[in-house]
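Under numbering that gives the first Met the number 0, the final residue of the sequence shown carries the number 103; numbering is consecutive throughout.
In short, the hints are calculated from the structure, not lab data.
Beta carbons: idealized from backbone N, C-alpha and C, even for Gly.
Mixed in with the good hints, there may be bad ones.
[To be verified] Okay, derived cross-link-like pairs now, EDC-like style, lysine to aspartate or glutamate, Cα gap no bigger than 20 angstroms in a straight line: (1) K97 <-> D75; (2) K97 <-> D77; (3) K35 <-> D53; (4) K97 <-> D76.
[Claimed, not checked] Using C-beta positions, here's what the derived DEER-type ranges look like: (5) N13 <-> T83: 14 to 24 angstroms; (6) I3 <-> N85: 38 to 48 angstroms; (7) I74 <-> M0: 48 to 58 angstroms.
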Amino acid sequence: MDIIDTPETIHATNANLSHSRFTDVNLEGSRFVDVKLTGATFTDICFGGVTIRDANLSGMIIEDCNLSGMTIQGIDDDNLVGMTINGIPIQALLAAHKAVSAVQ
0 MDIIDTPETI HATNANLSHS RFTDVNLEGS RFVDVKLTGA TFTDICFGGV TIRDANLSGM
60 IIEDCNLSGM TIQGIDDDNL VGMTINGIPI QALLAAHKAV SAVQ
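With these hints in hand, go ahead and build the complete structure from the sequences.
Printed below as a string of structure tokens:
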């Protein structure tokens with residue numbers, strides 16, 4: 000199916016759209032519920048104002064991205080095992096932060 004230069008609203012339920020390609024597409028205000036994006040690639044994309052809840056992001060790579068103003072909250076430390084920022088284990092960063100906070 001090709002949709003080219005046409006404003007469309009698509010409602011897909013129980014659909015297999017694997018290996019689809021979206022280029023220069025406006026998905027503002029779209030809602031994704033119970034969607035499998037394993038192996039998906041997002042390049043040159045604007046996620047500003049996006050909320051991600053109850054998601055499995057294990058194995059996800061975020062590379063060359065602007066993370067300013069980003070908030071990560073409500074995460075159990077056990078779910079941070081293996082997470083790194085620029086090669087530094089996040090658990091080590093949090094432990095250092097807790098140690099400094101305890102001294103102050």
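Results of checking the hints against the structure:
Distance check on the hinted pair: K97 and D75 sit about 15 angstroms apart at the alpha-carbon level, within 20 angstroms; holds. Taking the CA atoms of K97 and D77, the gap is about 16 angstroms. The hint holds against a cut of 20 angstroms. Distance hint between K35 and D53 is fulfilled; the C-alpha atoms sit about 13 angstroms from each other, no more than 20 angstroms. With a C-alpha separation of about 13 angstroms, the suggested pair K97 and D76 falls inside the 20 angstroms cut-off, and the hint holds.
Taken as a hint, the range 14 to 24 angstroms is violated for the pair N13 and T83, whose Cβ atoms sit roughly 37 angstroms apart. As the Cβ distance of I3 to N85 is approximately 40 angstroms, the hint placing it in 38 to 48 angstroms holds. Checked against the hint of 48 to 58 angstroms, the pair I74 and M0 fails, with Cβ atoms roughly 38 angstroms apart.
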